[in-house]
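A.B. asks: These are the residues of each chain, in order.
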Amino acid sequence: MSLLEVRNLSRQFGSLIAVNDVSFAVEAGELRAVIGPNGAGKTTFFNLISGMLAPSSGSIRLDGTDITRLPAHRRVAMGIARTFQVTEIFPELSVRENLLIPVETEAGLRLRPFLSRARAHEIATRVDALLAMGGLAAMAERLAGELSHGDQRATEIMMALALKPRLLLLDEPTAGMGEQETRDVVRLIRRLHEQERLAIVLIEHDMRVVFHLADRIMVLAEGAVLAEGTPQAIAADERVQAAYLGGAA
Amino acid sequence: MKALEKYGPSIAVWIVLATVPLWFPLIGGYTALGTRVLVMALAAMAVNFLLGFTGVLSFGHAAYLGLGAYGAGMTIKYLLPSTPLGLLVGVLTGTVGAMIIGAMIVRLRGVYFAMVTIAFGQVFYFIAFRWVSLTGGDDGLTGWKRVPLDLGFTQIDILGNDRAFYYFVLVCLAASAGIMALLLRSPFGRTLLAIRENERRARFLGIPVDQHIWLSFVISAAFASLAGTLYAYLDNFVDPRAFYWQQSGEFVIMAVLGGMRSFWGPLIGAAIFEVLQDKASTYTDNWMSILGLFFVLVVVFFPRGVLGVLNRKPTR
Amino acid sequence: MTQVILFNLLNGLIVGAFYALMALGLSLILNLSGVINFAHGGFLALGAYLAYSLMPYIGFWGALVAAPVLTALLGLAVERVLIRRLYGRDPLYGLLLTFGLAFIFQDGLRFVWGASSVPYQIPEWLASPLSLEYFFLTGYRVFMMIVVAVAVAGLFLVLGYTRLGMRIRAGTLDLDTVSVLGVNVRVLRNLNFGLGIFLAGLAGVLAAGMLGLSPTIGDQLIMPSFVAIIVGGLGSLPGTLAGGLLIGVAAGMTTVFFPAATEAVIYVMMALVLMVRPSGLFGDEGRRQ
Numbered sequence: 001m002s003l004l005e006v007r008n009l010s011r012q013f014g015s016l017i018a019v020n021d022v023s024f025a026v027e028a029g030e031l032r033a034v035i036g037p038n039g040a041g042k043t044t045f046f047n048l049i050s051g052m053l054a055p056s057s058g059s060i061r062l063d064g065t066d067i068t069r070l071p072a073h074r075r076v077a078m079g080i081a082r083t084f085q086v087t088e089i090f091p092e093l094s095v096r097e098n099l100l101i102p103v104e105t106e107a108g109l110r111l112r113p114f115l116s117r118a119r120a121h122e123i124a125t126r127v128d129a130l131l132a133m134g135g136l137a138a139m140a141e142r143l144a145g146e147l148s149h150g151d152q153r154a155t156e157i158m159m160a161l162a163l164k165p166r167l168l169l170l171d172e173p174t175a176g177m178g179e180q181e182t183r184d185v186v187r188l189i190r191r192l193h194e195q196e197r198l199a200i201v202l203i204e205h206d207m208r209v210v211f212h213l214a215d216r217i218m219v220l221a222e223g224a225v226l227a228e229g230t231p232q233a234i235a236a237d238e239r240v241q242a243a244y245l246g247g248a249a
Numbered sequence: 001m002k003a004l005e006k007y008g009p010s011i012a013v014w015i016v017l018a019t020v021p022l023w024f025p026l027i028g029g030y031t032a033l034g035t036r037v038l039v040m041a042l043a044a045m046a047v048n049f050l051l052g053f054t055g056v057l058s059f060g061h062a063a064y065l066g067l068g069a070y071g072a073g074m075t076i077k078y079l080l081p082s083t084p085l086g087l088l089v090g091v092l093t094g095t096v097g098a099m100i101i102g103a104m105i106v107r108l109r110g111v112y113f114a115m116v117t118i119a120f121g122q123v124f125y126f127i128a129f130r131w132v133s134l135t136g137g138d139d140g141l142t143g144w145k146r147v148p149l150d151l152g153f154t155q156i157d158i159l160g161n162d163r164a165f166y167y168f169v170l171v172c173l174a175a176s177a178g179i180m181a182l183l184l185r186s187p188f189g190r191t192l193l194a195i196r197e198n199e200r201r202a203r204f205l206g207i208p209v210d211q212h213i214w215l216s217f218v219i220s221a222a223f224a225s226l227a228g229t230l231y232a233y234l235d236n237f238v239d240p241r242a243f244y245w246q247q248s249g250e251f252v253i254m255a256v257l258g259g260m261r262s263f264w265g266p267l268i269g270a271a272i273f274e275v276l277q278d279k280a281s282t283y284t285d286n287w288m289s290i291l292g293l294f295f296v297l298v299v300v301f302f303p304r305g306v307l308g309v310l311n312r313k314p315t316r
Numbered sequence: 001m002t003q004v005i006l007f008n009l010l011n012g013l014i015v016g017a018f019y020a021l022m023a024l025g026l027s028l029i030l031n032l033s034g035v036i037n038f039a040h041g042g043f044l045a046l047g048a049y050l051a052y053s054l055m056p057y058i059g060f061w062g063a064l065v066a067a068p069v070l071t072a073l074l075g076l077a078v079e080r081v082l083i084r085r086l087y088g089r090d091p092l093y094g095l096l097l098t099f100g101l102a103f104i105f106q107d108g109l110r111f112v113w114g115a116s117s118v119p120y121q122i123p124e125w126l127a128s129p130l131s132l133e134y135f136f137l138t139g140y141r142v143f144m145m146i147v148v149a150v151a152v153a154g155l156f157l158v159l160g161y162t163r164l165g166m167r168i169r170a171g172t173l174d175l176d177t178v179s180v181l182g183v184n185v186r187v188l189r190n191l192n193f194g195l196g197i198f199l200a201g202l203a204g205v206l207a208a209g210m211l212g213l214s215p216t217i218g219d220q221l222i223m224p225s226f227v228a229i230i231v232g233g234l235g236s237l238p239g240t241l242a243g244g245l246l247i248g249v250a251a252g253m254t255t256v257f258f259p260a261a262t263e264a265v266i267y268v269m270m271a272l273v274l275m276v277r278p279s280g281l282f283g284d285e286g287r288r289q
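Protein chains in written order, with the working numbering: chain A, 1 to 249; chain B, 1 to 316; chain C, 1 to 289.
Hint data in this document are derived by calculation from the structure and do not stem from the laboratory. Just so you know, not all the hints are guaranteed correct.
Stretch by stretch, here's where chain C covers chain B in the computed footprint (C-beta under 8 Å, at least three residues) [unchecked claim]:
1) 50-62
2) 117-126
3) 247-258
4) 289-302
Nothing here was measured: the structure is a model prediction, and the numbers come from that model. Just so it is clear, CB atoms sit at the ideal spot from N, CA and C, and this is done for glycine as well.
Just need the whole structure built from these sequences, with the hints factored in.
C.D. replies: Following this line, the structure appears as structure tokens:
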């Protein structure tokens with residue numbers, strides 16, 4: 001049984017078919033990339049998996065459990081975490097608080113009006129570990145909105161990781177970044193993948209990043225699956241070259 | 001030093017409030033006005049729990065002020081002359097009302113949410129206005145008085161002694177402020193800040209946003225109805241205007257004027273507003289124009305409020 | 001009994017027409033600019049008083065046209081000086097500012113025209129009943145219905161077939177794109193505000209002949225207008241129109257059977273709509289962020 005199993009997933013907006021009959025499976029510990037030209041339906045596909053949108057038809061299963069109709073926050077509790085194309089953090093809270101909130105939520109404490117000293121200490125230790133892992137320890141007390149673009153991105157990824165997900169969805173993690181920032185984020189993703197044996201699906205435009213990171217690649221075009229396979233196979237695929245790589249270059 | 005920075009403002013606030021009966025008359029105030037400031041401050045802080053710390057605008061909190069006020073007044077008038085019982089019934093009435101209304105509106109956001117809260121406040125206004133046999137209608141609920149507190153070993157005359165009543169209200173405010181501050185520093189409070197900051201992010205961290213907004217709404221309304229019971233005790237009187245949308249708007253302007261991102265902002269806003277109203281209405285018949293102008297000026301020149309300007313933290 | 005029901009049905013329709021006229025103006029402004037105009041009732045009252053003061057000089061018909069136009073001109077000015085500052089800011093500030101304006105309006109009207117209500121003269125031939133059996137069917141009531149119908153039809157024609165109207169509709173859907181396409185958004189919002197205020201002024205002139213004239217005349221109408229928008233569905237002008245008529249009729253009918261609940265019934269309707277269909281009867285999206 002696959003960790004994530006998507007069957008015949010479709011989503012229409014009026015007459016536009018944004019995602020068209022996509023089937024897709026991710027195994028535990030796998031790092032998968034989704035690529036495709038602009039408007040190929042990549043982000044819509046993510047929105048369907050994470051519960052931001054309801055599909056028009058098809059099914060989504062996580063570890064065999066049907067989650068097609070589950071609200072977003074329940075999917076998070078089941079182990080799906082995501083980041084967004086435009087970084088979504090809590091800009092006027094400190095970086096520490098940004099991480100504290102998902103850590104507490106993951107620990108099932110979101111409704112607690114107070115915490116015991118021991119519990120608070122336990123939580124703080126986890127937050128410190130996440131800060132260190134994301135390379136954010138030095139700026140823990142600063143407002144997240146004041147950080148550089150790359151550090152905000154790292155904050156967002158660590159927030160997702162604080163949820164102890166089984167599946168992490170990253171929507172264009174290096175979008176709008178410079179060379180150095182891109183390298184840092186790629187290194188962070190690789191480290192998470194290797195250390196935590198976390199299954200990651202990422203949407204990415206930067207082909208160097210994709211071929212450097214991904215175990216397997218799915219290519220979407222006009223909402224449908226164009227090809228799927230190892231980076232080598234995708235690079236050699238003529239249809240992909242014609243429809244995407246050739247056209248884009 | 002760090003402790004002073006953290007607790008200093010609160011200590012200062014409590015020293016100033018505890019000594020109001022001593023210094024307020026010296027600058028032209030009177031104790032009952034001080035009490036009124038406390039009551040309105042409590043209501044404004046309740047509104048701000050939702051507005052400033054959850055990012056949800058209710059323009060209809062007069063509904064809960066009114067429910068608390070009528071609940072307390074009618075308990076004493078019809079049921080049992082007991083100040084604490086009236087307080088309890090008033091708070092329960094307002095809280096239950098908020099639970100029901102909250103459940104209907106919690107899926108709405110922004111302007112739409114604000115508009116619906118305003119409209120719901122009117123239902124209670126018309127009920128209080130029309131159900132004359134129960135509420136006294138337009139003339140208000142009269143013929144009852146707050147009752148001295150009986151602690152068993154001693155009595156506190158909050159009815160005849162203005163100062164005693166002031167301190168009774170201050171104790172209520174202190175307890176409420178304490179609970180609100182505690183909640184805001186808790187994991188639950190942090191989820192509310194998260195919703196204020198970025199609702200989508202909060203939802204995709206696993207927080208059921210609607211449920212948390214509902215809770216925040218109910219908590220906020222519970223404190224607003226506590227303010228309502230004290231509001232009724234203030235003059236031993238309540239009329240349908242307690243429910244009117246003008247009152248709701250005044251709470252919001254108090255919060256904004258004082259600084260809605262700060263805990264004590266609404267208190268400062270309430271003090272400025274009530275003292276200004278008290279003074280202005282003795283000098284002019286056109287109080288409404290002054291009030292209106294005041295709203296406009298605050299929005300145009302002072303959107304961050306007093307404490308928002310003092311604390312240089314960026315606000316949107 | 002039939003007479004009583006018919007009377008209240010007609011009354012409800014007329015009151016509903018006022019609600020709708022006012023709510024359409026509110027909706028126009030809310031949809032394009034994101035501002036809830038609390039001062040709408042103040043503009044309505046101003047329109048009514050202007051008509052009252054102008055009538056001795058330019059007559060009933062002149063006032064019917066001139067008063068809404070003058071009110072709209074004031075609306076344009078208010079938008080330029082104050083409302084404009086609110087665009088793109090937290091909706092909170094729009095509520096507070098227009099709330100303050102509403103107070104200034106009410107106080108100002110009281111200052112100029114006095115606090116007590118004044119009689120509003122309508123032409124003799126409009127005031128008399130058209131039928132002896134249905135005594136309540138006065139010419140003025142019929143006349144009002146016609147004027148409202150013409151105004152609403154005119155509004156939808158303007159929105160559907162003029163350049164301004166098409167731009168307003170496009171701007172409501174996607175202001176950024178409209179702006180990129182070279183439309184001056186500032187002017188567009190200004191004119192749109194004026195259009196909304198014109199409707200308020202017109203509603204004021206008509207309401208004065210029916211409800212009498214007092215500084216709080218707008219107050220009675222603004223809350224039901226909010227309810228009309230919510231019931232009809234945010235963002236949908238036909239919904240707003242239907243919502244206004246619907247709650248007017250509902251209030252009218254309640255007067256027959258349970259007069260004490262006349263005002264409360266529209267809020268009960270709102271609660272029902274919110275429970276069953278939170279986006280309103282004609283709304284496609286209630287969860288605006």
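A.B. asks: Taking the numbered hints from earlier one at a time, note which ones the structure violates and give those numbers from smallest to largest.
C.D. replies: Result: no hint breaks.
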